[in-house]
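Chains V and X supply the protein sequences, listed in that same order. Once you know that position 366 of the first sequence is 366 in my numbering, the rest is easy, because the numbers rise by one and skip nothing. Once you know that position 254 of the second sequence is 254 in my numbering, the rest is easy, because the numbers rise by one and skip nothing.
Hints are computed from structural coordinates only; laboratory data are not their basis. Just so you know, not all the hints are guaranteed correct.
Note: identical chains are not told apart, hence a pair may lie in one copy or across any two.
[Unchecked claim] In silico EDC-like links for lysine to aspartate or glutamate, alpha-carbon gap of 20 Å or less:
| no. | residue 1 | residue 2 |
| --- | --- | --- |
| 1 | K218 | E109 |
| 2 | K104 | D205 |
| 3 | K218 | D110 |
| 4 | K494 | D110 |
| 5 | K405 | D295 |
| 6 | K218 | D493 |
| 7 | K494 | E224 |
| 8 | K299 | E224 |
| 9 | K48 | E298 |
| 10 | K261 | D493 |
| 11 | K261 | D426 |
Note that the structure is predicted; figures quoted are calculated from it, not measured.
2 protein chains.
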Amino acid sequence: MKYLLLAIFLLPLARPATAQTPPPPNIILFLVDDMGWQDCSVPFAAQKTKWNELYRTPNMERLAAQGMKFTQAFANQNCTPTRVSLMTGMNVVQHGVTSWIFAKDREPEDQSRQRLQSPAWRLNGMATTPGDTNAVYATPLPVLLRQAGYTTIHVGKAHLGARGTPAADPGQLGFDRNIGGSHIGHPASYLGIDNFGNRPPNGPDSRAVPGLDEYWGKDIFLTEALTQKALHTVDSVVQAGRPFFLQLAHYAVHLPFIADKRYVQRYYAMGMDSTEALYAALLEGMDKSLGDVMDYLEKRGLTKNTLLVFMSDNGGLSDVRRGAANLNQYNSPARSGKTSGYDGGLRIPMLAQWPGHIAAGSTCGNNVIVEDFFATCLALSGLKKPAMVQRVDGQSWLPLFAGKKAYTNRPITWHYPHQHMGRHADVYPFSAIRQGSWKLLYNHTTQGLELYNTLTDVGEQNNLAASEPKRVKQMAAQLGKALRSSPVGMPVDKATKVGMGYPDGVVNKK
Amino acid sequence: MKYLLLAIFLLPLARPATAQTPPPPNIILFLVDDMGWQDCSVPFAAQKTKWNELYRTPNMERLAAQGMKFTQAFANQNCTPTRVSLMTGMNVVQHGVTSWIFAKDREPEDQSRQRLQSPAWRLNGMATTPGDTNAVYATPLPVLLRQAGYTTIHVGKAHLGARGTPAADPGQLGFDRNIGGSHIGHPASYLGIDNFGNRPPNGPDSRAVPGLDEYWGKDIFLTEALTQKALHTVDSVVQAGRPFFLQLAHYAVHLPFIADKRYVQRYYAMGMDSTEALYAALLEGMDKSLGDVMDYLEKRGLTKNTLLVFMSDNGGLSDVRRGAANLNQYNSPARSGKTSGYDGGLRIPMLAQWPGHIAAGSTCGNNVIVEDFFATCLALSGLKKPAMVQRVDGQSWLPLFAGKKAYTNRPITWHYPHQHMGRHADVYPFSAIRQGSWKLLYNHTTQGLELYNTLTDVGEQNNLAASEPKRVKQMAAQLGKALRSSPVGMPVDKATKVGMGYPDGVVNKK
Chain V
1 MKYLLLAIFL LPLARPATAQ TPPPPNIILF LVDDMGWQDC SVPFAAQKTK WNELYRTPNM
61 ERLAAQGMKF TQAFANQNCT PTRVSLMTGM NVVQHGVTSW IFAKDREPED QSRQRLQSPA
121 WRLNGMATTP GDTNAVYATP LPVLLRQAGY TTIHVGKAHL GARGTPAADP GQLGFDRNIG
181 GSHIGHPASY LGIDNFGNRP PNGPDSRAVP GLDEYWGKDI FLTEALTQKA LHTVDSVVQA
241 GRPFFLQLAH YAVHLPFIAD KRYVQRYYAM GMDSTEALYA ALLEGMDKSL GDVMDYLEKR
301 GLTKNTLLVF MSDNGGLSDV RRGAANLNQY NSPARSGKTS GYDGGLRIPM LAQWPGHIAA
361 GSTCGNNVIV EDFFATCLAL SGLKKPAMVQ RVDGQSWLPL FAGKKAYTNR PITWHYPHQH
421 MGRHADVYPF SAIRQGSWKL LYNHTTQGLE LYNTLTDVGE QNNLAASEPK RVKQMAAQLG
481 KALRSSPVGM PVDKATKVGM GYPDGVVNKK
Chain X
1 MKYLLLAIFL LPLARPATAQ TPPPPNIILF LVDDMGWQDC SVPFAAQKTK WNELYRTPNM
61 ERLAAQGMKF TQAFANQNCT PTRVSLMTGM NVVQHGVTSW IFAKDREPED QSRQRLQSPA
121 WRLNGMATTP GDTNAVYATP LPVLLRQAGY TTIHVGKAHL GARGTPAADP GQLGFDRNIG
181 GSHIGHPASY LGIDNFGNRP PNGPDSRAVP GLDEYWGKDI FLTEALTQKA LHTVDSVVQA
241 GRPFFLQLAH YAVHLPFIAD KRYVQRYYAM GMDSTEALYA ALLEGMDKSL GDVMDYLEKR
301 GLTKNTLLVF MSDNGGLSDV RRGAANLNQY NSPARSGKTS GYDGGLRIPM LAQWPGHIAA
361 GSTCGNNVIV EDFFATCLAL SGLKKPAMVQ RVDGQSWLPL FAGKKAYTNR PITWHYPHQH
421 MGRHADVYPF SAIRQGSWKL LYNHTTQGLE LYNTLTDVGE QNNLAASEPK RVKQMAAQLG
481 KALRSSPVGM PVDKATKVGM GYPDGVVNKK
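Let the sequences and hints guide you as you build the complete structure.
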């Protein structure tokens, strides 16, 4: 009955492809939470690192061998901004959801003791209708893919709309099915025996994972439960001849680090620090899920007609919550981590497989960013005139899949006018622009500008701002122009009430 | 003005001592949360252990040198049962608050997947008026001490009444001042820069520490803030010639383990596991607080007229959340830890100082249990006929302080008809009785009885039940009798609907 209702619901949707055209490929976005670009056995830096030796992700290796590895892939500094970019195709500067979100009209983090006052921003996340100035109104990717005939499935962490807003429910954003997604950004528990956090006392801030009741009390890890549910849903919901879009967005490897007992003993036995062992086990469980997805595609003969994209939503955690031994080094050779404007906070591991369209074992060194995923899906969908309200900033990866170099010089921008609780000196409110291998980083608090050539200086150690004034001026101008078009302004110094100024203004003052 | 009001409030209270009698001593209960008996540099076992070498608690050493060390001190298996015993003088079997509490009329832990159904128990904690069958109505210690002329101050974790009940507020239980206490059992954050968890989004289940607003945004650890506040309050509230009762009940060293940066680097530098280093730093910060209290007493010339008691509220955490290297060994030589009926869950570190009444550097090997604290305070107070509703199970420590052996053979009982989430085999619903060094442990699930002689077998490895049937029968009869008088019955097997039976019934069946 449930499936019948779904079928009726899907029936009136236009299928743009004629009977002669093969349907567009299935699309799977395998999205990991808080995973750093070094947190796997696939090397994404120029050289293999100690991290690549430490972590075990054999299925990522398998995916890399069968597809394309992206060595210059970027996200935003924390999760909701990236997720909104994926769903809207907009750069964070344009969509204005500049930090993580939680409850309607409420700042998720305390601002009272910060020196800078954050500007008004879209702290409700996405909106399904216009009118809420605290949210970005845009046509979500699954709505468009449904127009193109796709069955759309969300599994796992959503974190796209604040609690108390319609967009908190992925079902309101165009997903035919939602399994386990809501406003929460991390799970209260990864354990089935803990009912994934659904246990009394259970207030609205509890971060219990919704749904998944069938696994409550069972000895199963959340990553495994979501995987089983995702593949079962694809199997039962998707109809022959109709493509599907599956967003399998794991809660892993975000805090809280809770032992995945299938894997953790190995890392304990290696003598690894307990926090780091828990993290390594979360990673291996995530990788097992990837392997299950790949196995499923093979078993069903779907591999050839499925684009499978693997990515993380921001840089890896690098503060003490991940263990103390390698503090602020967890993304090395990149500098710092999650919520920082240095590349440790922005670089992500990314892989893509689509046999016949992506060469096995290939590598792409083009800059790519999360909103490109949207543009790529749109290009694949076959939709000629998608009915959408937003302007898309992302660029399709199809030329890159085909092995071409493309838009190598396009600018990518970031905007994070917030002070995260993390108190490492590398974590501060910032805006940034990258063009090719050049990166200009603007510190809102100090109004300082740093320029790095990340090709020769991946660790962002040598600030070239003083020796490259012309480049600084050009990039600051470009960044300033982008920021002026943003719905989110600059922070204000609480003491002086003076706004922190755009980067080009700062350059010109000097 | 605040102090004037307080003075007016205190004025009508009867002072039993005449002008000739010196006032009873001040009483400070320094209560630590979740600290195991081995988590300090003071040895409480027969031999010094590796734990005593690992942790640094110089002020506990100082207290032990100036006072009495109790090597056979016991609490209940988790926190609220112990705290209610401290405030009522009742054994857990009698007060019926058999596990931790949270919100009114709500089971704090999910029971749906357990084999046994817990009996009705007093899940609201304490009550200030009769009528709530889910709570124990008793006259709290501070009410009685106020009758005796004491100024009563609570600082830190209370966890005595469920959210939504009057007893959630220590001010309703007879404390003239309450700083930082509420229904919560652990803090959302130990950090002042996190406002101790008071930050949006902040629902009723947030576990934000109440009050302490003056420290919000400041770079101060909760343990330090509570200590400063406690000593400042004693200084400003207590009047000359009036004794005070201070319950300084630290949230430390309970989860979440958050770095106390004053101390953690030392442990990191030792190469300690990150989880364990955080725990060791929590301990050292707690010990610093103890030192501050002792320094304060000395500075004000109060040491001589103050009974200072140090204890923990249950055995130390021994599961993976404390680190993986020493799983289930953290209380060794005692077996298991918090929520277990083995001694690792029940043994606590305890020290007492009162110059002139307690010999410096002395040791007491008598069995003592938390409810004795109540009886001791009552004996000290000078109250001849305290107006109270409950029967006191605890025994005064005054003879022990004086170096006598006392009530060496009295039975001590425990009752925990609950299945904690912790899934180690040593953690199960149990009742137990101890008499001298003999301990009978009754496993509700298996209906098995274990008998240990903890004098020769501190680790409870050799079950003597088969070779000592007479002793088993006698102790089971005594335990059964106590349990039959409890407001909390035995659990029921959900499948068979059969109650799990009292231990003496089980013995007699055999």
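How the hints compare with the structure:
1. K218 - E109: between (34 Å within a copy, 16 Å between copies)
2. K104 - D205: both (12 Å within a copy, 18 Å between copies)
3. K218 - D110: between (37 Å within a copy, 13 Å between copies)
4. K494 - D110: within (14 Å within a copy, 46 Å between copies)
5. K405 - D295: Neither: 31 Å inside a chain and 71 Å across chains, both beyond 20 Å.
6. K218 - D493: This pair counts as between: shortest inter-copy Cα distance 19 Å, intra-copy 51 Å.
7. K494 - E224: neither (47 Å within a copy, 29 Å between copies)
8. K299 - E224: Within. Shortest intra-copy distance 18 Å satisfies the 20 Å Cα cut-off; inter-copy 60 Å does not.
9. K48 - E298: For K48 and E298, neither the intra-copy (29 Å) nor the inter-copy (60 Å) Cα distance is at most 20 Å.
10. K261 - D493: neither (48 Å within a copy, 28 Å between copies)
11. K261 - D426: So K261 and D426 pass the 20 Å test across copies only (18 Å; inside, 34 Å).
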